[in-house]
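Below are the chains, spelled out letter by letter.
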Amino acid sequence: MWKRILLAVGTSALVASVASAQGGITISGTVTNEAGAPLPGATVFIPSLNVGTQTNDRGQYSFVVSGNRAAGQTTQLTARVIGYSARSVPVTLTQGQSLSQSFVLASNPLRLGDVVVTGAGTTTTREKLGVTINTVDSSSIRRAATPENIVSALAAKAPGVEVRTQSGEPGASADIKIRGGASLSGTNQPLFVVDGIPIDNSTSSTTGGDGSTVSVNRAADINPADIESVDILKGSAAAAIYGARAANGVVLITTRRGHSGPTRYTYSSELRFDRIDRGNLQLQTDYAQGSNGNTAVCGGPDCALTSNSYGAKIAAGTPVYDHVGEIYHPGLTSDNVLTVSGGNDATTFYASGGLTAQNGVLVGPDNKYNRATVRLKADHQVSSKLRVGGNFSFYDTRGNYVQKGSNVSGVLLGALRTPPNFNNLPYLNQFGLQRPYRFPNPTDVPSMENAGYYDNPFFVLNSPGNRSEFNRTISSFDAAYDPSDWLAFKYTLGADQYADGRLEALPLTSAGNAPGQVFRSDATQLQIDHNLTATASHSFSDNFSTTLTLGQNLNSRRNRQISSTGTQLIAASPLALQNTVSQTSGESKSLAHISSYFAQATADFYNQLYLTAGIRNDGFSTFGASNRRNNFPKASIAWSFTNALGNTEQRGILSFGKLRAAYGETGKEPPVYGTITAFSTTSTFGSGYGDAINTLFGPAGLVSSLSLGNGNLRPERSREFEFGGDFGFFNQRADLSVTAYHKRTSDVIIQVPVSAAATGYTAQLENGAQLKNQGVELVFNVRPIQTANVAWEIGTQYAHNKGAVESLLGAQFIPYNNEGFTGAIGSSTLGFAPGVIRGSDFIRCGRGLQLDYDGTGVKDIDALCAATPGGYKPGALFLGANGQPIPDPTDRVIADPNPKYAMNFSSSLKLWNKLTLSGLLDVRKGGQVWDGTRGVLITKGVSAFTDVRGTTNGQFGKNFYTDIYPNVAGPGYNTVAFTTYAQWQTWFLNNGGGFGTVGQQFIEDGSFVKLRELSLTYTLDQAWVHNLVGFTSADIRFTGKNLHTWTKYKGLDPEANLGGSEFLTQGIDYFNSPQSRSFVVSISLNR
Amino acid sequence: MINSSKFRLLAALALISAAGCKGDFLTGGDLSNDPNRPGVASAQQLFTGVQSNLWALWGSDLARVTGMWAQQFQGIISQYATLEQYAHDETTTGGFQQGLYSGGGLIDLSNLDPLAVKANDKHMLGTSQILEGAIMGTGADLFGDLVYSQALTGKPNPVLDKQAAVYDSVQKILSAGITNLQSNTATDIGPGAYDLNYGGDPAAWTRAAHTLKARFYMHTAKTNANAYSLALQEVPLGLNDPAIDYKGVFQAVPQAETNFYFQFNGPAGRGGYMGDNPFLINLLVSRNDPRLNDYFDTAANYLSSTRNAPNYQQTFVSTTENLLIWAEAAFRTGDPATAIVKFQQYRALVGLSGNIPPAGPALLTEILTEEYINDFQLGEEAWNLYKRTCFPNLVPTVSTLKIPRRFYYDTGERQTNTNIPAAGSGINAAFNQDDPAAVNSDGGNGVCAGQ
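From first to last, the protein sequence lines stand for chains A and B.
Position one of the first sequence corresponds to residue 1 (this note's numbering), numbered consecutively onward.
Position one of the second sequence corresponds to residue 1 (this note's numbering), numbered consecutively onward.
It should be emphasised that the hints constitute simulated quantities derived from the structure, not laboratory data.
Hints may contain errors.
[Stated by the list, open to error] DEER-style ranges, computed between Cβ atoms:
(1) B/Ser229 - A/Asn974: 54 to 62 Å
(2) B/Asn419 - A/Asp286: 29 to 37 Å
(3) A/Asn712 - B/Phe279: 26 to 34 Å
(4) A/Asp286 - B/Phe279: 29 to 37 Å
(5) A/Asn882 - B/Gln313: 42 to 50 Å
(6) B/Asn419 - A/Gln583: 22 to 30 Å
(7) A/Gln583 - B/Asp297: 25 to 33 Å
(8) B/Phe279 - A/Thr318: 31 to 39 Å
Every residue gets a Cβ at the ideal spot worked out from N, C-alpha and C, and that includes glycine.
The shape of chain B in the complex, shown without the other chains (with noise of 0.2 Å):
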């Protein structure tokens, strides 16, 4: 039996422990929130935070990898020279697919969007509608069919849109934002210098997404007839001045500031993955062009000095896109003499003199070639127009392959939605799913090799 003295001694004892046993000692403070990291985020912020993830969308490793396939860049070594012949799986992509829609994606302008309407700033919300247009526009580029009408919708496995869906989705958003810039009232303040390319102006960004309507309308021209004559729509009210062309603003410190052609080959290490390509040195040679020596340093094998310094500010919609896109769109249309007028504006704005371009089909011809030359660093840009057109008439870098035509989805999406198809259908992944395969190449030089 325990005696009287013993039980008061466990009971001063159970006292002494009962005075630690406040529950602030567990909250409070560090303890219940973190140090590390804000809990709130104001629109301006969540505007650049897209805006520099769009950038490495368009200019980072898709960017490198469609430049190798589309015979721009040439891979050399290491993980690089596998992708050159075509070898990419699931995590090729390193989650591109996933950043459409997380951090720096669709989540952050949905976080944005309400703050706008909130805030009655339709610049503010129509700059979102654009860089959400940029986004997923390019993600049907890259990968076909997307989740888009389900997302960020919380749903269990959302199902995905089809590829001219999600094209078409992307038009709405896009004249949205075109809409919603028009607006002049006194609470339409826009981004602002949150905006590091135009610095919230309403007219260049109206201009921009005028570009973007039409590079997205050209994408969808091997299943939608009338795509030409819609980009034709566009194009009068697209870029119209190199001053407002959209560019990445990198800066030459800090690093992760700096253009990401230099990061790779300078502090990332991997100088030497990849060189340049015969294929479109010797057509730069063959054309006598001027951009040779601006596009590369072919001693060095790799982009010129002026392209791969950290501060290059790489064009990623551009006049010169929307001039080629007119061109193309009115020859197809079956307006040449339009055709001519912009081909010609173009060649002038870049550097190129001498000869009248030709008549008929040769003309179509010489305009996707610059679009191709023009496309040079945009590497999606240029395996688009591959896709679409079969121009150049690249020969693929293994004989027994095709050139691949879309990226897989993530893994992590596969895993976490039973809509996304496995990889698992051969080397070379399916052409997207709506299009007609190619049989000859647009620009008239014959059967398709690489399709």
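Excised from the complex, chain A in its bound form (with noise of 0.2 Å):
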């Protein structure tokens, strides 16, 4: 059917390519490489004419061009695709003759000659860089096989690009950093830019990070499908032509447009099957619910049980449930685009639907992700100076979610912590309530509200309650006009608008509120960015030549959104505001805009030497009346020094050499309204706990918001220092790219601590932080064979960065207070990295505490470690006289989620032109993880580290938890701290496990090797593929993503996280799925 469809579009289109072939030139031909093998998707054009075609799976290209065009001009046919140096030939145009002309590459595996888009409407060739930008190209983002997410695809592609997907549940967030986090507020995602306009990549979940639902980064609408190219500007010498909105680099997303030429059709269809994968999570199925040896019982109707597993053995015989694989499926994810693309000489367009249908792995209906797309892009040579081009986009996502996370109907949440002996099946009883296992027997819904419980797991499987209806366009109108040769306009208009409508709801019976409760949100935002530049070149000489772009960039922002509480459900259905008793609803707005100038200059000399500076200046609304305006200053400098040794063709053994070395400044805005000191119309107080109060009471209070504004903010801003050289040896058989940077931070927004005896608030918002991120970047690739037949090319990236804060203004720290728990909150502290994780550790020898921690008087630890027969290793853990570990209540560092270095291997063999296999290895050292979960699990008694509970000499430095106390002093150094199982229980369910305040306990090593991708791709291109299908060539691509993991991490996943990119905080890990192990088989049909 699909190829009727086809053919019925198509036809038209190439009705109009043979009306314009009327006395015209059809030139063809075919482009290898230097090895004889054919280069498909080599575009074949004449630049003077703007007319051309690309090449097809078997390299060949055909293309006319029209008799009103050819004047017997003599003129460039210009062959080029990536990977190789481009290559130009006269060819002269006699109207009805034909042409052939074929083309042999040479190896370019640098891009020197490649065109890189370097922001705001400049562009620049790859030779003449002076700073690091990576691309990432369109078969590699096809390779990664997540569809559903460009930045998941992201992941392992560049050095000094962190990439982090949440999990592997449909919708779920990917959070991308960029060597480092340059901010200490926000969550340090880069700016990402789409065709010249910037885009929303927020990351937003309905009710909040920890709990609530997984979310989608809004990058992730955008169909990787429809991506040429990703540009990643990494440092601030690249990214400060984006001023204040690039401290954390930018992103820049080519989209795919259409060439001169026959109409050509891509129909891709991707089915993915996902699985979890349970890493080295372990539960105990040996006890059963209850309390010190005895088993819970029920008594009847409404009873209710201990949430504890801490009863008897289970009898043998007696089943047991697997509660972490009965809540989890194979996942399915089907992809399907059809592309369309072609043109004449004159106008060219491409255009493409998309449809993503993702069920994901948690068993039920309500675990899905759809998304379709929409893309039009066209463009129309006007007159031989006037250009004008459109793109339109619109996307429509759908979500179905489970709630996660810390939450008491989190799926996670309640289906681990649940005795192995109960059987969550079936989830409803007799009267159609839901069964938790602390509250099994329930006759009604006012019988559940205090009853305290987690919720089913199958329960929270099957509510419908959490939705999110999405739409978005992102639309552009771009114009390029040259009058002269010497002067150039680019213009971009264009729109970044969504409507993202949220349910979040709570059925009856639901742990959170068992008369139920609905949330509904919706919110819109519409970005409109308008950029102008004006480029002049002029050349001095054949070995002098210049350019200067001035720009002006205007952008409006603009975010609305009203959501409504409504509690106590009338009717068990529907899930909708009118069907509750109350409601409550708020309503937030913001406004912010740019207005920006930027001019840049470049000079080249002797073909070798490349000089770039610039400068931007930023006018931000959010900045303060004071700081109004601000500049980004930026300069670069490339010595292509090979060059220089007269070695232009690229040959021998250092067959490239280039060094280079820039600066840049670039910043980020205060948060829109920070200037400003207000009222609160909502809250006075809220605990920890979740009860609140607000101002609303009788005729309505209002009360100062805790956070005092300040008139006199500005931008944040990075200055960076980076150098490095790329290099290609043995006739570019292998090249080597190494960057070095060193970027300082200053003027960092926090929110201050002030104290609220002198002030009356708790925080002020002010410049003044500082951090540095400083770290190396390397990228070797080596190509050992290249033949007609075989190309093998083996790769590895390596990427180290270390981050410190410096100053936090006189603060020691700063807590992030929704990132993470209490026992482990996210912070920014001086002397780590931004987001490192603080709680209590237990007491431990050398560090010179003087403590009362048993109520008898302030002592000496390290007198009473030193005193232990043997004496005591520093960090020893501190013993008290029962040979017990005894918290210490000072706060500090517990964990860095931030690794220490990250790697990557990947290899690529490519046999007869037809047969691709190609793998990727991810390597993460460092990087550590509080495992909540684990915590957790510990103090329910359901984690397998519990079985312990049956022996009877449990001692600290013998045979418990050796492997993470290995020393131990003080003055129970030598004394079995646990005999029975009472003490054992006593012990989990407080200091020793996760509702204790020692976090430091559950604090992992996060390290790990991940096979993330391994590919298997076979052309098709034979006559009979033509003849059976209609199609001139097909792909086969069989995929497997993530399939093995190799970490010590004790839980899931090490490298899931529970805030997802909501939380600037990485490594916590609380009741949140892991990611998927995938197996994808993809088709795609090419015409």
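Reconstruct the complex from the two isolated chains, following the hints.
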């Protein structure tokens, strides 16, 4: 059927192209590499006429120049493709003649001649770059097999770009951080720009990141199949042209465009099977629900049972249940994309439609994410001097989500805490009420109101209460006007607009609110961007040419959100506000404007020395009135020293060498309305446990907001030096890029804690914190075999970043109270990279502690440690007289989730130009994770770590926790701490469990090696393919994603993260799903 | 060289760009004004804000935690299981110390007072001063030494006033409030309908203020020999009718106007964290106390449905408290006759009948027992009673630990004020700095077990 549709669509376009061929010239030929292998997807075109086409899978091309444009002139015909040096040959265009012209392109792994988008309408060639810009092309994006999220597809694709996907659930966000975090607020996500238009990539969960459901990072709306390439501007020198929005780097996405010539069709269909990998999570299967070895017995209707599994041993033969396995099943994602592109020498177009349907790994009908995308991109050469274009895209996404995380309705929270012998099915009882394991025989809804329980996971999985309905358009108009050969204008006007409707409801009997609750929110966002540049170029001689670009940028961002919470459902359904007894609603909106100018000058000397300098002057409405405009300068130099040595052909042992150095400044704007002090209409008080009171009592009150505004806010400023080199060896058989950078960010805006006693406020926004990031990045590729039939490439990337907060305006740390939990809370702390986790530890030796740990007076801990026979090792666990460690009340850094380094290894083997085998191994070293899940499972007595309860000689330093506490000292160094079941239980319920105060004991090394991708592609382009299905070629691909993980991490997945890209703090594991292991089959038909 | 036509084009471009350079693209309307929050508040609105926040100080997490430590409730699971075992740190109070000063606390009273003075509204000013006394007196109960004389002065590192000095200041501000409430001019409008408790009734406020003065005098009894006689001067003027007891005016809906115990157990999802405590249950059972079923639903191991209702209007300052203070203070100042009279009035009010109270030390025990029972859900008061009298003679839940006697200061305050001491003095916080340790229980039942 597809064939028929495609033929019908294509007929008119074909007629048009035949018509234009009257009297024209047909130019055809092949494009191959030096080894003789055909190069598909190469662009062959006549720049002066702006006409050309792309080669097919066999490297063949053919296009027609209309007769009226062929006047016997001689002009250049150029062939270019990524990874090879472009080549131009002169051709003479004479009416009625056919031309045959084939190209052999030399390998150019450093892509020196490629045009690189450098932002805000500017471009250059890669050889002239004095900065690092990593380009990720469409084929590696497709191979990543994450059609639902372009950001996930960037994992392990560029050094210094750390991507962390929240979980394997549909609609999960992916966090992307470039060269560490440049700020201490927000989430340090880079600016995303699509075809010149900045787009929103925010992540906003419906009711808060710790609980709620997964939520999409909005760049995931873009269909990866539409993407031609992604250029990542990492450093400030590269990103300075975006000024105060670019401190965390810029991700420039270029979408596909049409090429003149025959209309091309591509239909791609992909099926992905997902399974979760349960990692090293271990649950006990021996002990029943209960306390002190006594099994809890339900006494009848409305019985409330303990939440803990410290009962008797489960009798042999009693069934136990896999509470992890039973809530997951294989997920299935289908992705179908149809693209049609083509055009003639004046007009080209690209149109696509995509459908992605993801049925997630969680059991039940409510774990889905569907996306439909439409794109139309066209441009038209109005005259030889003027080209206009339009770009329109529409996205519709719909998600059905499942409650997660720290939330009594969170699916994993209820599932994993369930005693091993409790069957969570059926999840409803004879009254149609849910059966939670702590309240298994409810009789009516009121009986459940104060019962205290966690939702039965199957009740959660079957709740239709969590939805998002989202649609978005990103559209733009662009024009290029070249009034003369030395002057070029470029203009884009674009808008990114979306409407996001959310529902998050708790049905009747939900643990969070047994009478039911409905939360609804409608949010809209509009961003309009205007960007105008003029570039003048002048060559003073063959050896000295310059350009000057002046530009203006105007931008407006508007957000509006209206939300309502209805409580107490009238009837069980619908989960709608009018079906609730009472409602409260709220509204928030914001408007921010930017008015900026920029200038950039370049100078090229002797085709080997390239200088660039620029400045952006930013005016933001979010800057304080006294700091309304700010400048962000940049400068870079690149020297292709092998050209100076005469090696312009790029051959020999050192076939190419370039050294580069750059400096740039970028910024981050203050939060909107951060300059204003105001009153709060809603909250007067909220305890950490969720009970709160608002101001709306009676005639309605007002209270001061907790934070004090600051009318003098200015942008945060990152100043970054980077230098490095790009080298080619052995006739470009190997290449190496090395970059080192040092980035200091000052004027960082933080909520400085202020003394409430002195000021009446707890915090004030202030510029003045400082942090730095420094690191090295390395890319090394080798192509040991390059023949007509065999092409083998192996590569590695390495990145190391060291971040450190250098000043917090006098404070020692800033807690991020919404990121984490009492005992393990995200923070930025002096001397550490942003986003370290704070909490308490047990008392340790060698810390100089003076503590009254038993109420008998302050004691010198180190002296007591030293009194231990044999002395003590610094950091040894201090044991009290009863042989147990003692919580140290001092709050301190207990984990740094930032990795020490990240590496990846890739290999690609192409045989007979048909079969490609590629793999990607992702390595992350360091990066600690707070395994809060394990902590609580220990408290609840369901973790396998609690199996020791049956032993009678539990002793720290000898047979218990010797892996994490190898050294012990203090009065109880040689004392057996636990001899009875009850003692173990007391320990796990208190200081030894996740609800105790000591978060440190659940910090684990999150290092991992993941087999991220393994892919096999076969191209069918024989004649029978065409005869059988009407397509010229077909690509069949099998891909495995996250096939295996090597890690010591004791939970589900060291990479998963509770708050996704909504949190600055990564490395928080609290009942969140792991990433999935996927198998992908895809077929792509091309015509 | 750039020729003249190039120059002209560039100049034209510069002009086009400059056309967009109007200052008002960056200012005005929603660009310069926060469309989400008001920039001004009336004295009345601030009054409501502070009043409801005071209910949180008296009725939310601190009341629950202190109620557990006073063994009226029992922490059962999760964080409350560890709090039951006295594990607490600088984050336990969750910003309550800062809350004394920030939005809903002193800052808004300091915003309110000038407005009241400007309007020459002494009733508004007087009620504001009583709220201030209530907030800071409670703060001294919980944290001991506090910044007060230098509060909101903007001075870096404001000094901590000694707990006794804070109580002295509290007495003064309460007295000032009472004086202002006696004014009677046309401009003395008061908070009116914005006062959710008393509708601005100066007489009711005056009585509540006298009971509060008596309460805070009692708290100083360990270091102030005159505390009981001073309390005795206040109680005759204090609350004398349960109809004007000071309560949290909670509503059935919406959620954020409901009773904190209901919220904690229900919408906040903390059901099961905290249950009834066998110590109090057994006490009530042994005394055949009719309040057992008013307080608890023993089958559900939690509050009774009456008290756990969303709109249950929990009492914070009461006529019964006033009578019990009167009885105890009279007894301790050598006037058992008055003690018995007041105690009997109290018993009649709460529905106790039967035996005539004993005389001598047994009477004190009886009064203290009733204070303990009457303080139910007012965890802070039950805990303060215990700290002052070591009555009941509670056995700590952890045999190696003492019952905590104050909360740590917030980390936010410690970080921003060098005068705030670190929490590193052990699991069991130091006793109120100026208080002598308890040796024996005032109830006559032996050596104090938990101090």
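Hint by hint, here is what the structure shows:
Between B/Ser229 and A/Asn974 the Cβ separation comes to about 57 Å, which falls inside the hinted range of 54 to 62 Å. For the hinted restraint 29 to 37 Å between B/Asn419 and A/Asp286, the CB-CB distance of approximately 54 Å leaves it violated. A hinted range of 26 to 34 Å for the beta carbons of A/Asn712 and B/Phe279 is inconsistent with their spacing of about 57 Å. A hinted range of 29 to 37 Å holds for the C-beta pair A/Asp286 and B/Phe279, which are about 35 Å apart.
Hint check: A/Asn882 to B/Gln313, Cβ distance near 46 Å, so the stated range 42 to 50 Å holds. Look at B/Asn419 against A/Gln583: about 47 Å separates their beta carbons, and that is not inside 22 to 30 Å. At roughly 30 Å, the beta carbons of A/Gln583 and B/Asp297 sit within the given window of 25 to 33 Å. One distance hint, 31 to 39 Å for the beta-carbon pair B/Phe279 and A/Thr318, holds here, with the actual separation near 37 Å.
Hint compliance for this structure: hints 2, 3 and 6 are not met, and every other hint is.
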